[in-house]
Amino acid sequence: MTIAVSILPEQQLATLNAAYSRAVARRRWRLLLGVALFAAALLLAAIGAEVNLRTLFTYFGNFLSYFDRILTLDSGQRVWTDVGEWLWGWRKWLKMLGETLLISYVGTLIGATLAFALNFFAAENTSPAPWLRFVVRRLLEFARTVPGIVFALIFVIAFGLGPMAGVLAIAIHSTGALGKLFSEIVENADMKPVEGIRSTGASWLACMRFAVLPQVTAGYASYALLRFEINVREASVMGFVGAGGIGQELVVAIRKFYYSDVSAILLTIIVTVFIIDIATGWLRGRLFGKEART
Amino acid sequence: MTKPQQVDTAQLRARYPDVFDRPASARLAAPAMIVAALAILVYGFVDLDFSPSRFFSGLSQLGWISLMMIPPDPGSSLPIYLKALGETLSIALLGTTLAALFALPVSLLAARNVVPSKILRFPVRRFLDSIRGVDTLIWALVWINVVGLGPFAGVLAIAVSDFGSFGKLFSEAIEGADQKQVEGIRASGGSALHEIRFGLLPQVLPVIAGQVLYFIESNTRSATIIGIVGAGGIGLQLAEQIRVLEWQRVSFLILMILVAVAAIDFISGKLRFAIIGRRAVA
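Protein chains in written order, with UniProt numbering: chain A, 1 to 294; chain B, 1 to 282.
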């Protein structure tokens, strides 16, 4: 049975073997080279980021004991033994959480409205003029790439401290992100209804309203809900730069070492994020069927 | 003729109440939702201290700021900014790599086809979910308390927050892997570790590599902002220049970030295609 393999003449076999081992060797080399390059990049990065393993090992205990400390009340007991004492500021925190949710809601709605107004100009198939598409696309790209918190930092100076800066920062960032997604939906829309409506002599606006819009609203709403979910997380840190919401309380608690408050506020944030995730997932499932629930 | 029809309608109404009642509620649902959404919006405007005068004065202020940003000018601190940018890229690369290294074994524990026991999987999943529920900036603040100000805290913050996301994504990739190869290994007498090494990993590694590259890309953005709370990198410079109102430098820094992000996008896009072929990772 095994003879069948060695029927090839010695010479031919040798060339084939050589070719095979060369191919394998080349693949190994390439892999090795890739790994070496990656390791070199990591090493360079480690130097650049001032990584100090000794600091890490000395302080890693601190990281664990930090969690130990934030789970301990001033009286030395574990937090869950006295929930009333742990969540002493729940009235204030709930109010701030409500503010956070409002910030993300208003921000998402403004952002979605602006994105809605702009996306028809950014989509390949509906844009009235190429230069307009170019300008709108660059604008959306800018709004999307600059992080929301950088906008917040600048807006805090322009509009003053408070939630208004946070709302506008979230609105601009959402405009960029949603504008791109919305225009992609429009690009995937069926163009036959548009032709039908245009053949009746309708204006561009009427084409958008009666041919494109009915196809895309469900997708818009689904993406806007997803964005709301993301924005809740983002709004929870807007307070770090003075732009309103629960982040303000958290940063004070962390900086001033109010340990049990840190864990209490983190808990409320995590629970809120969970609830919002589940609620929007449920809402998307109800509105757009099961397949949209991702 | 009219009388029998009326009787018919009444009967039909009685027999199929759902069909007759639905239009009314369905008609009301959409306007009611819109009214509710607008009501919350108006309440939000009032509660969050929106006022037209504040908005327009802020807008004119913003106009002035934008005017002062032109032209972008680094002043004499270009070398410092370049170094900070390098720091940011280092933070993104190291943080993502660390997260991937630690997340791989944990994601095996969270995958249904590796660990069939729900009791073991459930806590691992909830643990990963809680880590993901906390924003990177918050992790950065926590790590600054532990290892002090500087880029190292940023690396650890990105590593921890990505650990949560990677754990979830990797475990989903593993669950999506083809079971037949694993069964083949088991049939030839391989141990559980053999099954993972020779049955699962060859299938999931390309997917995982694509995701890691994608995260390095998105972490370049995250790494620019964690500097704002003091965790090193270009965000630190940006926040400082904004606070001292050096607008020309601010616009230069923002431009630098935009260019760097675009460059990383480009490179990692090429690498991703080289590793996993044309199908992009979402």
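Quick caveat, the hints were computed from the structure, so don't treat them as lab data. It should be emphasised that the depicted structure is a prediction, and the values quoted were computed from it without experimental measurement. Warning: the hint list may mix true and false statements.
[What the hints assert, rightly or not] Once the Cα atoms are required to be at most 16 Å apart in a straight line, the calculated EDC-like pairs of lysine to aspartate or glutamate come out as:
1) Lys168/B with Asp129/B
2) Lys83/B with Glu85/A
3) Lys256/A with Glu141/A
4) Lys270/B with Glu183/B
5) Lys180/A with Glu124/A
6) Lys95/A with Glu124/A
7) Lys95/A with Asp47/B
8) Lys118/B with Glu175/B
9) Lys95/A with Asp129/B
[Unchecked claim] Going by beta-carbon spacing under 7 Å, a handful of chain B positions derived as facing chain A:
10) Gly133
11) Leu141
12) Ile225
13) Ile242
14) Val244
Don't be surprised by glycine CBs; every beta carbon is placed ideally from N, CA and C.
Going through the hints against the structure:
1. Lys168/B with Asp129/B: Roughly 8 Å between the alpha carbons, so the hint for lysine 168/B and aspartate 129/B holds.
2. Lys83/B with Glu85/A: violated (47 Å)
3. Lys256/A with Glu141/A: violated (38 Å)
4. Lys270/B with Glu183/B: violated (35 Å)
5. Lys180/A with Glu124/A: holds (11 Å)
6. Lys95/A with Glu124/A: violated (44 Å)
7. Lys95/A with Asp47/B: This hinted pair holds, its Cα atoms lying about 11 Å apart.
8. Lys118/B with Glu175/B: holds (14 Å)
9. Lys95/A with Asp129/B: violated (25 Å)
10. Gly133: Holds: closest Cβ of chain A sits about 4 Å from glycine 133/B, inside 7 Å.
11. Leu141: This interface hint holds because 5 Å falls under the 7 Å limit.
12. Ile225: holds (5 Å)
13. Ile242: Result: holds, 5 Å to nearest chain A Cβ.
14. Val244: This interface hint is violated because 11 Å lies over the 7 Å limit.
In this structure, the earlier hints numbered 2, 3, 4, 6, 9 and 14 are contradicted, and the remaining ones agree with it.
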